[in-house]
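When we follow the working numbering, the leftmost residue of the sequence shown carries the number 1, and every step to the right adds one.
Calculated directly from the structure, the hints in this document are not laboratory data. Please note that a few of the clues may not be correct.
To be verified - Calculated lysine to aspartate or glutamate pairs in the DMTMM-like style (CA-CA distance at most 20 Å, straight line):
| no. | residue 1 | residue 2 |
| --- | --- | --- |
| 1 | K68 | D56 |
| 2 | K52 | D85 |
| 3 | K52 | D125 |
| 4 | K123 | D85 |
| 5 | K52 | D91 |
| 6 | K68 | D51 |
| 7 | K96 | E30 |
| 8 | K96 | D85 |
| 9 | K68 | D116 |
| 10 | K123 | E89 |
| 11 | K72 | E89 |
| 12 | K112 | E89 |
| 13 | K68 | E37 |
| 14 | K31 | D51 |
| 15 | K68 | D22 |
| 16 | K68 | D125 |
| 17 | K96 | D56 |
| 18 | K96 | D82 |
| 19 | K52 | E89 |
| 20 | K72 | D82 |
| 21 | K96 | D51 |
| 22 | K72 | D85 |
| 23 | K72 | D125 |
| 24 | K72 | D56 |
| 25 | K72 | E5 |
| 26 | K31 | D82 |
| 27 | K68 | D91 |
| 28 | K112 | D22 |
| 29 | K72 | D22 |
| 30 | K68 | D82 |
| 31 | K96 | E37 |
| 32 | K112 | D56 |
| 33 | K31 | E89 |
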Amino acid sequence: MEVTEANLQLLAGYLQQTLSADPNVRRPAEKLLESTELQQNYPILLLNLIDKAQMDMTTRVAGAIAFKNYVKRNWAAHLDSDGPDRIHESDRNTIKTLIVTLMLHSPVALQKQLSDAVSIIGKHDFPKNGRSSSTR
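Construct the complete structure from the given sequences, taking the supplied hints into account.
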């Protein structure tokens with residue numbers, strides 16, 4: 001899944017559908033997002049959507065919640081089982097690079113969700129995996 005404007009718009013549409021009161025609209029969108037979340041760049045696409053100021057705030061908040069839940073489900077899943085890592089290494093590194101700055105310059109409505117994701121990441125990675133080479 002590439003980070004393109006078309007994919008951002010597609011993702012925004014599905015996130016909007018997850019907010020529908022109609023289960024016939026909401027459930028298929030939720031299932032589709034779940035089925036694509038393990039694709040490389042999915043979390044990066046979410047972060048780009050969250051950061052897009054011209055995007056509707058409701059959609060951005062839905063994206064932030066989806067990102068937090070993605071991190072909650074997948075960040076340490078490989079530690080709890082013998083299965084493979086569900087998050088591509090390049091996605092992990094990009095998330096760690098972007099998330100704090102994104103959180104700090106985001107509106108309060110987004111900061112709470114991003115802060116929760118940072119806490120989950122920090123619990124599993126820092127300081128064990130979060131040190132830069134200059135601090136080793």
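Numbered hints the structure breaks, given as an ascending list
The structure conflicts with hints 2, 3, 7, 12, 14, 15, 17, 18, 19, 24, 25, 26, 28, 29, 30, 33, although it agrees with all the remaining ones.
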